[in-house]
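Number of protein chains: 2
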Amino acid sequence: MVSCEESMRALAFSARGQSLIGQEMFKVLERARHIEEAGVKIFHLELGNPRLPPPPQIVAGTISSLQRGDVGYTYSAGLPALREAIAERYSAHHGCALDERNVVISPANFLISQFLDLVCNREDRVAFFTPAFPTYWAAAAHIGLAVVAVPLDAKADYRLTMHDVDVAIAARPRAILVNSANNPTGAVYSQSVLDYLAQRCESLGIWLLSDETYGDIAYGASFYTLARTGLPHVVVMSSFSKIFSVPGFRMGYAIAHAAVVNKLTLSNSTQLSCLPAFTQIGCIEGLKVIDDYTAAVRERFSRTNAEISDLVNRSNLIQCVIPTAGFYVFADVSAVTDDDMDFSQRLLERSHVAVTPGRSFGSEYSRHVRVATCGHYDDVREGVVRLIDFARTLVG
Amino acid sequence: MVSCEESMRALAFSARGQSLIGQEMFKVLERARHIEEAGVKIFHLELGNPRLPPPPQIVAGTISSLQRGDVGYTYSAGLPALREAIAERYSAHHGCALDERNVVISPANFLISQFLDLVCNREDRVAFFTPAFPTYWAAAAHIGLAVVAVPLDAKADYRLTMHDVDVAIAARPRAILVNSANNPTGAVYSQSVLDYLAQRCESLGIWLLSDETYGDIAYGASFYTLARTGLPHVVVMSSFSKIFSVPGFRMGYAIAHAAVVNKLTLSNSTQLSCLPAFTQIGCIEGLKVIDDYTAAVRERFSRTNAEISDLVNRSNLIQCVIPTAGFYVFADVSAVTDDDMDFSQRLLERSHVAVTPGRSFGSEYSRHVRVATCGHYDDVREGVVRLIDFARTLVG
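Sequence lines, in order, name chains H and B. Note that our numbering has the first sequence beginning at 4, numbered continuously upward. Note that our numbering has the second sequence beginning at 4, numbered continuously upward.
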């Protein structure tokens, strides 16, 4: 075949095709792969790829399903039993009034694109509170949206305030994305501010996507789901990836008004047909033990993140806000660099530590890097020690 | 939550959101579900959901991978070993000059949307030869494309001719979709016509997606892959769903110029992050036995389709072209109805047989239905007998 460079000139892509940027951490993973192929051990702190063993029930349920031969097509909205189990959990655990018709199964990362595609036209405005998860930027760029970035205050531990909500609303966006518990900051937003945001959006007809992927891993603050509001413009999404340590299952869900669920089901039917039945059946088994499992996960990350944050802050060189949820530390490396891309690249090549550059979370974070603390603890600790040592080599 | 109808008025979706139509056969599946919940047996002839046991190696490979704990994220382009195995098979089996850089893993149904999204802007023209697979219509509607439908001649057994190619090219579309071996007709197109199509597209800068999902199930004619051409504007896609009887794996691939593979990888990264590793590892194991397995599959469907076609044509009421590939029979029911939707709905309710209405393949096929012959043989046969009996009740 013709060389890549030669034909890139001749091959004309669409506007959306030209706007594809992807997720930086998957590019880091790919770069790391080439170093690993030379036999070098890489400390993977770039992806939120939990290395805790998942609940045995979820894997056993998946394997049993495969052994029974559940390898055919299934419903575009997801298995009814899984949709019901999720509705029941939100009803029992969060006091929501939901049933199967309010739940659709889809990969959580895909739901970000599906939501924006469903409610925004090209050149519409969408508001994020930053730092914000890379897929929000990638999906907005792909769809051709103008992003209104509302930076949260590090001095207030990156917690959302009513003032931040007012700033976002004042831009009159078509949609707002909010993410509590937050990736990358580990902040958990208060019920009063989240309700204020939801009510203002509903009253103005602004769509709101509440990404609650890390809600079950809030250990330092009380988590509130916007599914409680039952408002038609509020779409809640979450994932089994993080709470069950199975990101490779590519399984998440949205909770929404039945009319929105119907649209997302058509989106699935058009694009994915359906999802595998066997991993959905595994998730049904997982949901039976979710409370015990996530309690252990919270205990684990509460301890790990306290230790890693402490290690970072004791460096007196790089620093971070102490997270209250999730498994990331968003580290300020401004004392040693103003170029996170260069810093990350050299950290990977010299010290064999992979992190995600801060600007993936917003252009103003080019002096930050995100460290995922969900790998094997010794590896995470060694990776962070190497990160600090590398930073020291850059001083003066 | 508020009722569906009430809020549909208030909820404003995007232009793309309004244009979502989905795939009709998944709606039929959902309707059939409600009848099945009442304890009634439904004969499922609506979906290409193969009920042959898959090769044991693919399931065993998937289960071993799950047991080893391969439940984390992996590369957005797919596992290198799977990409290499596909490149090797096309090199060995079809004489293509390919390597890993020419292969990207993605669900085949999604690749249709990904391809159109990558190369077409809203309101661009896209040409299909009809009857054409429902996802082509759904994806084009979703993206906002103008479809140029080029009907193939039933009297010529729905085979593509150079004249058909000229008609499609004359419309100056931005892209053309071609599907040999064909769903729903079972036609296999000749190398000379396919090469003519590819060369004309390349010379005019028209993108060509060659959907070769059923290529390995061509039993009555010799299958030719356009991957042989190595042309930069030609993107080949295929799936493991049909050739391994595992549609629930949701696993397919595209073969393309490295620049296009890079774009599709960014599309995956933005939308899906990646696919499960364990099902990819299962497919690697499956590829080791593909030649023996698909030989048995071809033998099976050659016999089944001959028998089912014969049954249909002996009715002297409904009729079909005898397929030379795949596992569908595209039945002309014009002797008894001019409304395939009504016909299909009543067939489901009265005779408990689910089929796909013909207009899903193009508006001019409202006097056809598609019958999938890939279920358990006795069920397929019984379903077709019921279909014929139902048709007889409609004869004036």
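Hints in this document: simulated from the structure, not taken from any laboratory. Note that the structure is a prediction, hence the values are computed from the model and not measured. The reader is advised that the hints may include incorrect statements.
[To be verified] Covered by chain H, per the in silico footprint, the following chain B stretches (three or more residues, Cβ under 8 angstroms):
id, region
1, 47-59
2, 251-258
3, 276-284
[What the hints assert, rightly or not] With the C-beta cut set under 10 angstroms, the calculated list includes, among others, these residues of chain H facing chain B:
id, residue
4, V170
5, I172
6, F226
Note that beta-carbon positions come from the ideal geometry of N, C-alpha and C, so glycine has one too.
Hint validity - H/F226 Cβ closer than 10 angstroms to any chain B Cβ
violated (21 angstroms)
Outcome, coverage of the region 251-258 of chain B by chain H - at least 3 residues whose beta-carbon is closer than 8 angstroms to one in that chain: holds (count 3)
**OP:** Go through the hint on H/I172 and say holds or violated, using the shortest Cβ distance to chain B against 10 angstroms.
**Re:** Because about 17 angstroms separates H/I172 from the closest Cβ in chain B, which is outside the 10 angstroms limit, the hint is violated.
- Can H/V170 be said to touch chain B, with a Cβ gap under 10 angstroms? Result: violated, 23 angstroms to nearest chain B Cβ.
*Residues of the region 276-284 of chain B with Cβ under 8 angstroms from chain H, three needed, outcome*: holds (count 7)
Outcome, coverage of the region 47-59 of chain B by chain H - at least 3 residues whose beta-carbon is closer than 8 angstroms to one in that chain = With 6 residues closer than 8 angstroms to chain H, the region 47-59 of chain B meets the three-residue bar; holds.
The structure fails hints 4, 5, 6 (numbered hints given earlier, in ascending order).
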